[in-house]
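Make the full structure from the sequences, and use the hints.
So that you can map any letter, position 186 of the sequence shown is 186 in the numbering used here, and since no number is skipped, the others follow by simple counting.
Keep in mind that the hints are not guaranteed to be accurate.
To be verified - With a straight-line cut-off of 27 Å between C-alpha atoms, the simulated BS3-like cross-links for lysine-lysine are: (1) 115 to 132; (2) 438 to 381; (3) 197 to 309; (4) 119 to 132; (5) 419 to 303; (6) 396 to 309; (7) 115 to 127; (8) 380 to 309; (9) 139 to 115; (10) 438 to 396; (11) 438 to 404; (12) 435 to 396; (13) 303 to 381; (14) 438 to 419; (15) 380 to 438; (16) 303 to 396; (17) 197 to 288.
Just so you know, these hints were derived from the structure itself, not from any lab.
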Amino acid sequence: MAGIRNSLVQHLFSSSGTTSSSFNCQVRASSLSAIHRGVRRSQRVQDDEPISATLASKRRGAEWDRRGRLTAKALSGVSSPRQAQKLRKKLDRDQEDEGKSLRQTRRSRFLDPEKPFGKNSLVYQLKHGVLKDEVASLKLRRPAEPAPFRSLKPEKGQRLSQSSALEQAIWGKPAATSQFLYGKSVVKAALEQHRRKLYNLYIYAGDTRKDSKDDAAISSAAERRGVPVTMVPHGEQSMMDRMSMGRPHNGFVLEASPLQQPPITSLGGLEESLGRLGFHVELGYQSKEEEAVNGRETFVARKNDITAKPFVLFLNEILDPGNLGGLLRTASYLGIDAVVMTNRSSSTLTPVVLKSAAGAAEEVSIFTVDSPVDFVERSKKAGWKVYAAVAPPDSKLARMHEDKFISTDAVERRNPLSKDPCVLVLGNEGHGLSKPVKMAADYELSIPRHLA
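Spelled out as structure tokens, the structure:
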């Protein structure tokens with residue numbers, strides 16, 4: 001085949017040199033091109049090159065080249081930058097598509113024996129290949145099991161060392177519904193007010209302890225109440241630190257039941273007889289456990305007659321424990337008859353709050369409510385006047401609602417506690433009182449600005 005091709009080429013070129021110029025003009029370019037294409041195809045067959053793949057690649061290249069030339073030609077004659085940007089993106093897409101057309105399919109890549117992934121990957125061989133049987137035949141060690149849980153509570157009949165006397169005292173008490181109160185003022189108030197069940201008193205007895213009158217008063221109060229007292233040596237002081245969560249305990253920690261906080265729905269009517277001075281409340285739902293702590297008493301006795309009518313402080317969504325403790329301390333000092341707190345979005349009576357209150361939480365009646373607006377509206381129907389503490393309004397708003405807004409100066413002049421029982425509502429540290437609570441209140445109370 002190669003000889004035939006060479007002789008044919010020699011014949012063509014030799015004849016072209018001997019013939020006249022008129023004969024050359026008669027030879028068509030198309031027939032010559034066809035002959036050359038046949039020669040090139042025969043050459044590819046001898047070289048084992050697939051004709052279809054080569055032609056397809058050439059056609060694709062010609063197509064991309066033709067489209068690229070058309071796009072470049074159009075790019076040279078654009079009239080706006082936006083159109084030029086679109087044409088450039090088109091050129092980029094054409095180049096990407098040309099590169100993608102030469103890639104292998106996903107299946108061909110997976111089945112390719114020369115690739116390290118796909119069927120040749122370690123995961124495939126472990127699941128479906130030769131390594132599956134080899135791994136199954138291996139003798140592997142059994143994984144270690146975790147150690148069984150061991151309670152720190154000593155078992156019955158176990159002999160304790162002298163250093164674990166404090167642990168024995170703690171585990172021997174019903175700590176399911178108890179909390180630890182720490183600090184001299186908190187412990188002393190809890191022992192004097194008789195509002196909790198007291199389980200055990202822990203007193204630090206190390207060498208650095210300095211006795212004082214308060215220490216003797218606390219010890220004698222615990223003896224009168226029949227509270228067991230555990231003297232804690234210096235080596236066991238870390239146990240008291242854990243009870244107080246690392247906060248200063250002043251050498252005294254009292255284990256006691258939670259403080260009574262009955263849930264109520266509203267304040268009720270007054271009782272002003274000689275032997276019974278106070279007011280009623282409407283209790284809300286309580287579980288059996290809550291009822292065992294809070295009781296079912298609905299009458300709140302007044303501890304003083306500083307004001308003619310009862311005065312209740314309503315704390316709505318006070319979040320900071322220190323602020324809550326400070327407000328309880330102020331309420332007790334000013335002789336407020338009761339404090340009401342919201343259950344939601346509010347700090348609870350944690351030991352931190354009680355420490356900040358410095359024992360005042362033991363001296364004032366505390367209640368909780370679920371719905372502030374419902375509580376205000378129900379209490380108003382029972383004859384209570386509600387004052388919401390707000391920021392001073394602007395002059396225009398104050399003129400439009402003269403009956404709604406009131407200042408502390410006006411309260412001092414009117415003395416509302418001489419006529420009606422009153423509720424003062426204090427709001428959150430950040431956003432204050434919500435609009436529904438302010439609308440439900442009788443008055444919006446503010447401290448007037450005195451600008452220079």
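Unsatisfied constraints (hint numbers, rising): 3, 6, 9, 16
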